[in-house]
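Chemist: Make a model of the complete structure from these sequences and hints.
2 protein chains.
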Amino acid sequence: MQKYPDHLANYLETVNKELKIMIQRLKTPETLKNAMDYSLQAGGKRIRPMLIFSTLAAFKKDVAIGLPVACAVEMVHTYSLIHDDLPAMDNDDFRRGKPTNHKMYGEATAILAGDGLLTYSFQIISEIKQLSAEKRLAIINELAKASGPEGMVAGQIADMEGENQNLQLTELEYIHTHKTGKLLTFCVKVGAILADADKATIDLLEQFGYHIGLAFQIRDDILDVEGTIEQIGKDVGSDREKQKSTYPKILTLNGAKNKLKEHIAKAEGILESLPIDTGQLSFITELIAKRDR
Amino acid sequence: MQKYPDHLANYLETVNKELKIMIQRLKTPETLKNAMDYSLQAGGKRIRPMLIFSTLAAFKKDVAIGLPVACAVEMVHTYSLIHDDLPAMDNDDFRRGKPTNHKMYGEATAILAGDGLLTYSFQIISEIKQLSAEKRLAIINELAKASGPEGMVAGQIADMEGENQNLQLTELEYIHTHKTGKLLTFCVKVGAILADADKATIDLLEQFGYHIGLAFQIRDDILDVEGTIEQIGKDVGSDREKQKSTYPKILTLNGAKNKLKEHIAKAEGILESLPIDTGQLSFITELIAKRDR
Numbered sequence: 001m002q003k004y005p006d007h008l009a010n011y012l013e014t015v016n017k018e019l020k021i022m023i024q025r026l027k028t029p030e031t032l033k034n035a036m037d038y039s040l041q042a043g044g045k046r047i048r049p050m051l052i053f054s055t056l057a058a059f060k061k062d063v064a065i066g067l068p069v070a071c072a073v074e075m076v077h078t079y080s081l082i083h084d085d086l087p088a089m090d091n092d093d094f095r096r097g098k099p100t101n102h103k104m105y106g107e108a109t110a111i112l113a114g115d116g117l118l119t120y121s122f123q124i125i126s127e128i129k130q131l132s133a134e135k136r137l138a139i140i141n142e143l144a145k146a147s148g149p150e151g152m153v154a155g156q157i158a159d160m161e162g163e164n165q166n167l168q169l170t171e172l173e174y175i176h177t178h179k180t181g182k183l184l185t186f187c188v189k190v191g192a193i194l195a196d197a198d199k200a201t202i203d204l205l206e207q208f209g210y211h212i213g214l215a216f217q218i219r220d221d222i223l224d225v226e227g228t229i230e231q232i233g234k235d236v237g238s239d240r241e242k243q244k245s246t247y248p249k250i251l252t253l254n255g256a257k258n259k260l261k262e263h264i265a266k267a268e269g270i271l272e273s274l275p276i277d278t279g280q281l282s283f284i285t286e287l288i289a290k291r292d293r
Numbered sequence: 001m002q003k004y005p006d007h008l009a010n011y012l013e014t015v016n017k018e019l020k021i022m023i024q025r026l027k028t029p030e031t032l033k034n035a036m037d038y039s040l041q042a043g044g045k046r047i048r049p050m051l052i053f054s055t056l057a058a059f060k061k062d063v064a065i066g067l068p069v070a071c072a073v074e075m076v077h078t079y080s081l082i083h084d085d086l087p088a089m090d091n092d093d094f095r096r097g098k099p100t101n102h103k104m105y106g107e108a109t110a111i112l113a114g115d116g117l118l119t120y121s122f123q124i125i126s127e128i129k130q131l132s133a134e135k136r137l138a139i140i141n142e143l144a145k146a147s148g149p150e151g152m153v154a155g156q157i158a159d160m161e162g163e164n165q166n167l168q169l170t171e172l173e174y175i176h177t178h179k180t181g182k183l184l185t186f187c188v189k190v191g192a193i194l195a196d197a198d199k200a201t202i203d204l205l206e207q208f209g210y211h212i213g214l215a216f217q218i219r220d221d222i223l224d225v226e227g228t229i230e231q232i233g234k235d236v237g238s239d240r241e242k243q244k245s246t247y248p249k250i251l252t253l254n255g256a257k258n259k260l261k262e263h264i265a266k267a268e269g270i271l272e273s274l275p276i277d278t279g280q281l282s283f284i285t286e287l288i289a290k291r292d293r
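Going line by line, the protein sequences match chains A and B.
Using the numbering used here, count along the first sequence one by one with no gaps and you end on 293.
Using the numbering used here, count along the second sequence one by one with no gaps and you end on 293.
One or more hints might be untrue.
Copies of the same chain look alike in the list, so a pair counts if it fits in one copy or across any two.
Below, simulated DSS-like cross-link-like pairs (lysine-lysine); rule was C-alpha separation at most 27 Å, straight line [claimed, not checked]:
1. K129 to K145
2. K199 to K27
3. K199 to K145
4. K199 to K129
5. K135 to K199
6. K290 to K3
7. K135 to K145
8. K103 to K60
9. K3 to K17
10. K98 to K33
11. K199 to K98
12. K61 to K27
Since the hints were derived computationally from the structure, they do not count as laboratory data.
Modeler: Here is the structure:
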């Protein structure tokens with residue numbers, strides 16, 4: 001993974017610690033706690049928290065106010081990975097180079113760890129005392145829409161139904177804007193909400209989220225063709241094996257690379273048009289474009 | 001099933017219709033919509049909505065204000081049944097006399113339908129325009145606590161870990177207060193919150209919820225020994241088959257029946273002590289005590 005500069009690496013450390021505390025304080029059977037903690041600490045890039053913090057930084061706000069939401073969104077992301085890896089879904093044994101949750105704890109516990117993380121994320125947001133009730137509610141509403149049956153879950157089901165089919169580009173984009181894009185967009189949007197941004201700025205940041213969401217997925221597809229198992233921590237070529245439609249398959253590898261550049265250019269263009277300090281957001285954008293895992 | 005009196009049967013009809021509308025309006029792939037709708041409409045008793053409405057009625061409030069929360073809690077309950085029935089969990093093929101969700105739609109879709117229902121429930125509560133932000137937030141917080149890793153999910157994992165073990169009564173009570181009790185208690189509590197009840201009354205109603213929650217489960221265990229498949233719609237004796245600890249097993253069948261009476265008497269005692277019109281709550285309590293499915 002590309003190294004984060006020190007101040008971002010510090011945020012990452014803070015998120016990791018806070019997630020640990022949030023799980024440890026739960027009064028619940030140890031097995032569940034361990035299973036929830038295991039996948040939360042399994043070494044993700046924390047792109048979503050970074051997007052929240054970087055958006056807050058763009059508005060010159062104290063990034064600390066984004067910490068509980070950053071943890072909540074990381075729980076939602078992690079729950080989706082746990083359920084996605086299950087034998088009935090993608091049936092993956094490894095994730096980020098480590099055994100998947102169900103390989104460690106069994107399927108039943110993995111299902112419940114995912115359920116627990118999803119539910120807990122809403123509890124955490126509802127308890128952020130520093131924020132007004134209106135703001136907490138707006139964040140909960142956005143998170144539910146981004147991750148629920150019109151968001152991430154819609155993307156998952158469309159992804160599944162698209163296996164063994166030759167999808168059109170618009171169908172593939174539906175899958176990825178829903179499966180990945182909406183939660184990434186949520187992060188940027190929530191940063192803007194926390195910073196009391198005006199509606200026009202929030203709308204632009206949503207478009208930014210759309211482009212980095214697709215860029216993220218195109219890079220993923222390219223990595224699946226070009227990467228090595230050391231780099232991405234899961235089986236290379238697993239998309240091909242599952243007969244999944246991918247950007248390289250629809251557009252050729254070069255076409256996919258051009259599409260990636262296009263989305264990154266649009267994302268950068270939006271950032272440049274905003275009268276805020278988007279340096280960190282620009283860094284994350286570049287990270288998404290060039291990441292090697 | 002015991003028949004509800006007409007006015008309660010009308011609530012039930014309203015809940016069924018509203019749930020259908022809530023699912024139909026979703027912009028999401030048809031498969032997911034159908035799977036969510038299937039289990040929501042699979043003929044539950046709607047005890048949880050009834051508890052919300054009956055609590056509101058006790059305070060002489062318009063029960064209509066409880067409808068969206070009633071639908072949300074039914075979604076949470078239904079998600080828990082879908083995941084609980086999965087092969088990796090209880091591996092049940094039938095529920096209420098109909099094929100379980102994964103038998104109809106496959107495991108992957110069933111997992112996602114559950115995830116979708118859970119997430120959507122929080123969205124629905126966050127969008128109840130008639131309620132203040134504070135109230136919506138309080139309800140979301142209570143729902144997350146009742147159903148999350150310190151509530152229902154904790155009960156599920158403890159239940160699973162208790163298989164093939166001889167549990168003590170306190171361990172069995174932990175399982176059931178968490179797996180079933182907390183969500184039933186949520187319903188009574190949320191009715192009281194919607195009715196602006198004072199803290200002392202809410203506390204008493206929480207105790208009432210505790211007792212009917214345990215009564216509900218003891219009746220379930222008794223039915224598992226005495227019921228017929230026509231009555232309960234799932235395999236009789238399935239607890240024994242799975243080597244689950246039950247009230248009859250720990251206390252004998254007669255002991256379990258006495259315990260049931262005890263909790264019902266305590267629940268009734270609390271209702272009688274309250275200066276509100278608890279007639280409908282008392283009816284539901286009796287229904288829980290005597291239900292034959």
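Chemist: For every hint, state whether the structure bears it out.
Modeler: Hints, verified against the model:
| no. | hint | verdict |
| --- | --- | --- |
| 1 | K129 to K145 | both (23 Å within a copy, 16 Å between copies) |
| 2 | K199 to K27 | between (40 Å within a copy, 24 Å between copies) |
| 3 | K199 to K145 | within (18 Å within a copy, 33 Å between copies) |
| 4 | K199 to K129 | both (24 Å within a copy, 21 Å between copies) |
| 5 | K135 to K199 | both (15 Å within a copy, 26 Å between copies) |
| 6 | K290 to K3 | within (12 Å within a copy, 64 Å between copies) |
| 7 | K135 to K145 | both (15 Å within a copy, 20 Å between copies) |
| 8 | K103 to K60 | neither (43 Å within a copy, 53 Å between copies) |
| 9 | K3 to K17 | within (19 Å within a copy, 53 Å between copies) |
| 10 | K98 to K33 | within (18 Å within a copy, 34 Å between copies) |
| 11 | K199 to K98 | neither (42 Å within a copy, 48 Å between copies) |
| 12 | K61 to K27 | neither (34 Å within a copy, 35 Å between copies) |
In the structure shown, a violation is registered for the earlier hints numbered 8, 11, 12, in ascending order.
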